[in-house]
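Engineer: Take a look at the letters that make up each chain.
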Amino acid sequence: MKLVRDLLDKSVVDRHGHELGRVDSIVLEMRPGAPPRVAAIELGPAVLAHRVWPPLGRWMKGLEVALGMAEERPLRVPFAAIVDIDRHVKVER
Amino acid sequence: MSAIVDLILGVVTSIGGFVEVGSISTSAQAGSEFGYQLLWAVGLAGLMLAMLVEMSGRLAGVSKRSLAGAVRERFGIHFQVLPLAAELIVDVLLLAAEAGGAAIAIRLLTGIGFQWWILPLGVVIWIVLWTCGFGLIEYGIGLLGLITLSFVVSAWQLGPRSADLARSLIPTLPTHHALRYAFLAVSITGATVSPYLLNFYSSGTVEEKLTEKELWVNTVTAYLGTAFGTVVSMGVLVSSAIVLGPRHIQVDSYDQAALMFVPVFGRWAVALFAVSLGIGCFGAAVELALNSGYVLAQVFGWPWGANRPRRSATQFSAAFTVVLLIALAIAVLGFDPLRMTMICVGLTVVIMPALVLPFLVLMNDEKYVKGHTNGPLRNGFLALLTIVGALMALVVVPLEILGG
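Residue numbers (my numbering), protein chains in the order written: chain A, 345 to 437; chain B, 640 to 1043.
Bound-form chain A, shown alone (with noise of 0.2 Å):
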């Protein structure tokens, strides 16, 4: 599989179906000695618009904050909780 092309940006559903939103991030866990392993996926405007401009990122998660939004956000789901990759990625929620 390769990230960016078979799992960034693609719509998260939970296993009922509804849409979650998009993958916006993808979180790598560094280990000594061995390749990084994909950790998790995040979802949340904050995250993908850190990925569009750090600076915007910033500010978007100020206003989250400011609207007491902040909580749960960016929603961070374990790779181990991916069900299955097909036209949208399913989670176990």
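Some hints here could point you the wrong way.
What the hints assert, rightly or not - Here are the simulated SDA-like cross-link-like pairs (lysine to any residue), alpha carbons at most 20 Å apart as the crow flies:
(1) A:K346 <-> B:V1000
(2) B:K1006 <-> A:V348
(3) B:K703 <-> A:G361
(4) B:K703 <-> A:H362
(5) A:K434 <-> B:R713
(6) A:K434 <-> B:K703
(7) B:K848 <-> A:V348
(8) A:K354 <-> B:L723
(9) B:K703 <-> A:L351
(10) A:K354 <-> B:L788
(11) B:K848 <-> A:H432
(12) B:K703 <-> A:L352
Unchecked claim - Derived CB-CB ranges, DEER-like:
(13) A:R437 <-> B:V909: 53 to 61 Å
(14) A:P399 <-> B:I1026: 33 to 41 Å
(15) B:I1040 <-> A:L400: 28 to 36 Å
(16) A:E436 <-> B:A1022: 38 to 46 Å
I should point out that these hints are in silico values taken from the structure, not numbers from a laboratory.
Just so it is clear, the structure is predicted and the values come from calculations on it, not from any experiment.
Using N, Cα and C, we set each Cβ at its ideal position, and we do this for glycine too.
Go by the hints and put chain B onto chain A.
Structural biologist: Here is chain B on its own, set in the frame of chain A:
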């Protein structure tokens, strides 16, 4: 059988939904200043639109993804962010211009200043968006919009010589005001090939659950609907050329454009023009607002759809509401709707290459369109359109300043 009904409905709605502020103002200006000479630009822009609409529908029908969703997935946010921002800005400004156009139409009917009508119109638009499903919005607007066929009736009754019309379908150089001519040719393209139409059409295809087997319905609807719609735009141009041109009436407001109906419709002229303009603009405003909701929801991966209960798609509903509010605020500030239309049309041309380029990739990627990839003809057309689009994008701003 249902496919045939879908087909007829689709073609009829394309005719009724074709004309709005952009096409009325650019065609009316072209006709009054250059006679039939720019008819080729209307035809060519129609052909470009038909091909892009067909591809948007094919992409959505096979991949079950809207255009904005597919671009995000295939190209990522870095490619998408600038064209996306530009498209949203054009959507908002055009929505303000359409609301202004509809309000001017009511002013022509009632005599009461157009700014008074913008907020009530906004409320009606929002109620339609909140309560109606996709089919009702699409077909309702399309059927009401058949009133715009009065432009074709007008042109027909004025009796243009068919040889003159046929000659004007071949591009020729102007004898005067070359910059203005070039500006209008580019503007007609920008007014016709609106980005919102493509994403709206692809989203509609997903909402209506078109299947791969019904792709022929998409092809016929796209070409036939756009062809008939283009005839309505040509009706505006021809009426304007015959009525306004010889009297040296320049279209710098909708009041003047309304005069093109006088010889054919007499004392009903202004009312009929106003109703055609009003319905055309109102329909486009509803579609623009809905499309901004679509685009934002699709890019961020939120649930979307006019066929869903709005409460189960809260972000989508919030998105079209906020966009509508911003556009209404701009319209209330009282910018001249006609001038705002011309600015939108210019901006559309600037983002044209970024709009066309993704088609070249998506329509050849079997992950998205399976066996229904583009042939060499359509790919050649897209490549040509990307190059011509890039050239037009380079010249449109200087042209807008010098010829606009």
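Engineer: The structure should be examined with respect to each hint, and the outcome stated for every one.
Structural biologist: We went through each hint and held it up to the structure:
Among the hinted pairs, K346 of chain A with V1000 of chain B is consistent with the structure: their alpha-carbon atoms are about 18 Å apart, no more than 20 Å. Restraint check for K1006 of chain B and V348 of chain A: the C-alpha separation of about 15 Å stays at or below 20 Å, so the hint holds. A hinted pair counts as satisfied when its Cα atoms are at most 20 Å apart, and K703 of chain B with G361 of chain A qualifies at roughly 14 Å. About 16 Å separates the Cα atoms of K703 of chain B and H362 of chain A, which keeps this hinted pair within 20 Å; it holds.
Note on K434 of chain A and R713 of chain B: the hinted pairing holds, with a Cα-Cα distance of about 18 Å set against a maximum of 20 Å. A threshold of 20 Å between alpha carbons decides the hint, and for K434 of chain A with K703 of chain B the separation of about 16 Å falls inside it, so the pair holds. For the proposed pair K848 of chain B and V348 of chain A, the alpha carbon gap of about 29 Å is over 20 Å, so the pair is violated. A C-alpha spacing of about 17 Å is found between K354 of chain A and L723 of chain B, which places the hinted pair at or below 20 Å, so the restraint holds.
With a CA separation close to 18 Å, the supplied pair K703 of chain B and L351 of chain A stays within the 20 Å bound. Between K354 of chain A and L788 of chain B the alpha-carbon distance is near 43 Å, which puts this suggested pair outside the 20 Å criterion. Restraint check for K848 of chain B and H432 of chain A: the C-alpha separation of about 17 Å stays at or below 20 Å, so the hint holds. A distance of roughly 19 Å separates the Cα atoms of K703 of chain B and L352 of chain A; the hinted pair therefore holds under the 20 Å criterion.
Checked against the hint of 53 to 61 Å, the pair R437 of chain A and V909 of chain B passes, with Cβ atoms roughly 59 Å apart. Here the CB-CB span from P399 of chain A to I1026 of chain B is close to 35 Å, well matched to the stated 33 to 41 Å. A beta carbon spacing of about 31 Å between I1040 of chain B and L400 of chain A agrees with the range 28 to 36 Å that was offered as a hint. Checked against the hint of 38 to 46 Å, the pair E436 of chain A and A1022 of chain B passes, with Cβ atoms roughly 44 Å apart.
Going through the hint list in order, the structure does not satisfy hints 7 and 10.
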